[in-house]
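Chain by chain, the residues run as shown.
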Amino acid sequence: MATDKKTMTLNLTAAEMAALEKLSDQKDLSKTAVLRQALRLYQLIDSRLAQGELLYFEDKDKKNKSELMVL
Amino acid sequence: MRFTFNKEWLQKNADRDDNLEIAAGSFSLDQLPPAEGDPGDRTTVLAFGRLINLCRRKRGWTIEGLASSARIDVSEAIRIERDASYVPGPRTVFQLSTALGLPRERMLQLSGNMIVRDRGLGEQAVRFAARSASVEKLSRQEHLALEEFVKYLNEPR
Amino acid sequence: MSDRSRTYLKDLRTGQLAEASLIDGVSRDEIERSESLWRPILLESLEIRQRSGIAKGSWPEHSHWDWRKKHAATEGLIAYRMFGVECEGDMQGLMLVSTAGHPCRIAEQRGKEQVYIDFVASAPWNSRELVDSPRYGLVGRVLIATAVQLSLAEGFRGRVGLHSLPQSETFYATNCGMTDLGKDTKKEGLRYFETTPAQAAAFLR
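Protein chains in written order, with my numbering: chain D, 1 to 71; chain F, 1 to 157; chain L, 1 to 205.
No lab work stands behind these hints, which were simulated from the structure alone. There's no promise every hint is true.
Claimed, not checked - Straight-line distance between alpha carbons at most 30 Å, and here's what the computed DSSO-like set of lysine-lysine pairs gives:
no. : chain 1 : residue 1 : chain 2 : residue 2
1   : L       : Lys-183   : D       : Lys-60
2   : D       : Lys-62    : L       : Lys-183
3   : D       : Lys-6     : L       : Lys-112
4   : L       : Lys-187   : D       : Lys-27
5   : D       : Lys-6     : L       : Lys-187
6   : L       : Lys-69    : D       : Lys-63
7   : D       : Lys-31    : L       : Lys-69
8   : L       : Lys-183   : D       : Lys-6
9   : L       : Lys-183   : D       : Lys-5
10  : L       : Lys-187   : D       : Lys-65
11  : L       : Lys-112   : D       : Lys-22
12  : D       : Lys-27    : L       : Lys-186
13  : L       : Lys-186   : D       : Lys-65
14  : F       : Lys-58    : L       : Lys-183
15  : L       : Lys-186   : D       : Lys-62
16  : D       : Lys-5     : L       : Lys-187
17  : D       : Lys-22    : L       : Lys-183
18  : L       : Lys-183   : D       : Lys-31
19  : L       : Lys-112   : D       : Lys-62
20  : D       : Lys-60    : L       : Lys-69
21  : D       : Lys-63    : D       : Lys-27
22  : L       : Lys-70    : D       : Lys-22
23  : L       : Lys-70    : D       : Lys-63
24  : D       : Lys-5     : L       : Lys-186
25  : L       : Lys-186   : D       : Lys-60
26  : L       : Lys-183   : D       : Lys-65
27  : F       : Lys-7     : D       : Lys-5
28  : D       : Lys-27    : L       : Lys-70
29  : D       : Lys-22    : D       : Lys-65
30  : L       : Lys-70    : D       : Lys-6
31  : D       : Lys-65    : L       : Lys-112
Everything numeric in this text was worked out from a predicted model, so none of it was measured.
The following block holds chain D by itself, in its conformation from the complex (with noise of 0.2 Å):
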């Protein structure tokens, strides 16, 4: 797979930059790669949606479900 960069400025709110510096923190990762790994996660994720499947939440206790809407 080609991985040819491209470069391009982010302008985010106090609040996403602190959310994003706690995730990467957090995650043991730069602020690039957290953004990456969020990028993979919602294609995927809207991909599964656009097929008709649900996506849910389940407690420990697998006692309640919640779905969760993405778009």
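Mind docking chains F and L on chain D? Use the hints.
For chains F and L alone, coordinates are given in the frame of chain D:
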């Protein structure tokens, strides 16, 4: 992305990798029933447990010995032999088949991991389950039932 | 678009290393060509076994994997990457990995990102389970080294995870030095293996 591979490193490790399989990922999902679907015909599952029990005893192995040879948990080996409703996972079936020299694909079918498409197998499983009533020592009758069923399992289709 | 990097496989007929290519971004055409070559060899070796009275049940478990389906299902999704090793013009092994959605499980790195190997297999003519005289060795090592390098490049520090088929457990535990986290009941009871950054570094040394 470009990758680099050190020739000396590959050379150094080449011999120790010989003969080792590398497949990882999954069993053939297309042949497995859905996780929450029909757990399979109880009779074939019962026959699977009896088959494991008889093959183990024929070899004179204890349940611990069987678990050790097949590298599975002792508690699981006990459940397989005694609980007719227990459907072991594909890895366990694979390990047991290898340890006991039984055909893997048909073991997956008998154990409820794959759909039984072969009606003959279903009928033979019922016959085997009926003829191999549980007694402590492997009787001549059990021995004959076991031999006949294993022969059937190994016949090419 | 694909990238090719130079690598080597062991030609088991001569015992020498042979030049090969690691393909990042295997195309649909390459997959179709591989499958059309892999399938007859697979079927032939299975027929020989059958004629020799070897039970059908001893077929390798990955013989049913359909790489065309996997390629179609993941094409265009940036979370997936498909790699292949080519030698003598033929595909000698294939690997599908995910770079998102499979967080680490080892306690010290739980929740961290890693490269997860969804599927990996060598061509049937390289498997001793299928043929008496396999053609190439080192297919697994080259592909695992690829996964580790990808993990390093992604900033995942070499962390790699996979579910091994039973016959391959020795390769991952001993030869790759991965941690065996035991049976995963949510994944057909297969054993789950994962590397730490230190194990990944040791593997490449």
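So, going through the hints one by one against the coordinates:
Proximity of L:Lys-183 to D:Lys-60 is assessed by CA-CA distance (about 20 Å); at most 30 Å being required, the pair is judged to hold. With a CA separation close to 21 Å, the supplied pair D:Lys-62 and L:Lys-183 stays within the 30 Å bound. Using a Cα cut-off of 30 Å, the hinted pair D:Lys-6 and L:Lys-112 holds, with the two alpha carbons roughly 26 Å apart. With a C-alpha separation of about 25 Å, the suggested pairing of L:Lys-187 with D:Lys-27 holds against the 30 Å cut-off.
For the given pair, D:Lys-6 sits about 38 Å from L:Lys-187 by alpha-carbon distance, which is inconsistent with the 30 Å threshold. At roughly 35 Å between alpha-carbon atoms, L:Lys-69 and D:Lys-63 are farther apart than 30 Å, so this suggested pair is violated. For a cut-off of 30 Å, the pair hint linking D:Lys-31 to L:Lys-69 is broken: about 34 Å separates their Cα positions. Proposed proximity of L:Lys-183 and D:Lys-6 is contradicted: the alpha carbons are some 42 Å apart, above 30 Å.
With a CA separation close to 39 Å, the supplied pair L:Lys-183 and D:Lys-5 exceeds the 30 Å bound. Distance check on the hinted pair: L:Lys-187 and D:Lys-65 sit about 21 Å apart at the alpha-carbon level, within 30 Å; holds. Of the pairs offered as hints, the one joining L:Lys-112 and D:Lys-22 holds, with about 13 Å between alpha carbons and a cut-off of 30 Å not exceeded. Our distance criterion of 30 Å between C-alpha atoms is met by D:Lys-27 and L:Lys-186, whose separation comes to about 24 Å.
For the proposed pair L:Lys-186 and D:Lys-65, the alpha carbon gap of about 18 Å is at most 30 Å, so the pair holds. Between the alpha carbons of F:Lys-58 and L:Lys-183 the distance comes to roughly 28 Å, so the proposed pair stays at or under 30 Å and holds. Between L:Lys-186 and D:Lys-62, the direct Cα distance comes to roughly 14 Å. Compliance with the 30 Å bound is thereby established for this hinted pair. Note on D:Lys-5 and L:Lys-187: the hinted pairing is violated, with a Cα-Cα distance of about 36 Å set against a maximum of 30 Å.
The suggested pairing of D:Lys-22 with L:Lys-183 is violated, with an alpha-carbon distance near 33 Å, which exceeds 30 Å. As the CA atoms of L:Lys-183 and D:Lys-31 are separated by approximately 34 Å, the hinted pair breaks the 30 Å bound. Only pairs whose Cα atoms come within 30 Å are accepted, and L:Lys-112 paired with D:Lys-62 is accepted, the gap being roughly 24 Å. The suggested pairing of D:Lys-60 with L:Lys-69 is violated, with an alpha-carbon distance near 34 Å, which exceeds 30 Å.
With a C-alpha separation of about 29 Å, the suggested pairing of D:Lys-63 with D:Lys-27 holds against the 30 Å cut-off. A threshold of 30 Å between alpha carbons decides the hint, and for L:Lys-70 with D:Lys-22 the separation of about 35 Å lies outside it, so the pair is violated. The straight-line distance between the Cα atoms of L:Lys-70 and D:Lys-63 is roughly 33 Å, outside the 30 Å bound, and the hint therefore fails. Pair hint D:Lys-5 plus L:Lys-186 does not hold up; C-alpha atoms about 37 Å apart against a cutoff of 30 Å.
Annotation: proposed proximity of L:Lys-186 to D:Lys-60 holds, straight-line Cα distance about 15 Å (limit 30 Å). Only pairs whose Cα atoms come within 30 Å are accepted, and L:Lys-183 paired with D:Lys-65 is accepted, the gap being roughly 26 Å. Note on F:Lys-7 and D:Lys-5: the hinted pairing holds, with a Cα-Cα distance of about 29 Å set against a maximum of 30 Å. This hinted pair checks out: D:Lys-27 and L:Lys-70 have alpha carbons roughly 29 Å apart, not beyond 30 Å.
Restraint check: the Cα-Cα separation between D:Lys-22 and D:Lys-65 comes to about 27 Å, which is no more than 30 Å; the hinted pair holds. The hinted pair formed by L:Lys-70 and D:Lys-6 meets the criterion: a straight-line CA distance of about 28 Å does not exceed 30 Å. Distance hint between D:Lys-65 and L:Lys-112 is fulfilled; the C-alpha atoms sit about 25 Å from each other, no more than 30 Å.
Checked against the numbered hints listed earlier, the structure breaks hints 5, 6, 7, 8, 9, 16, 17, 18, 20, 22, 23, 24; every other hint is satisfied.
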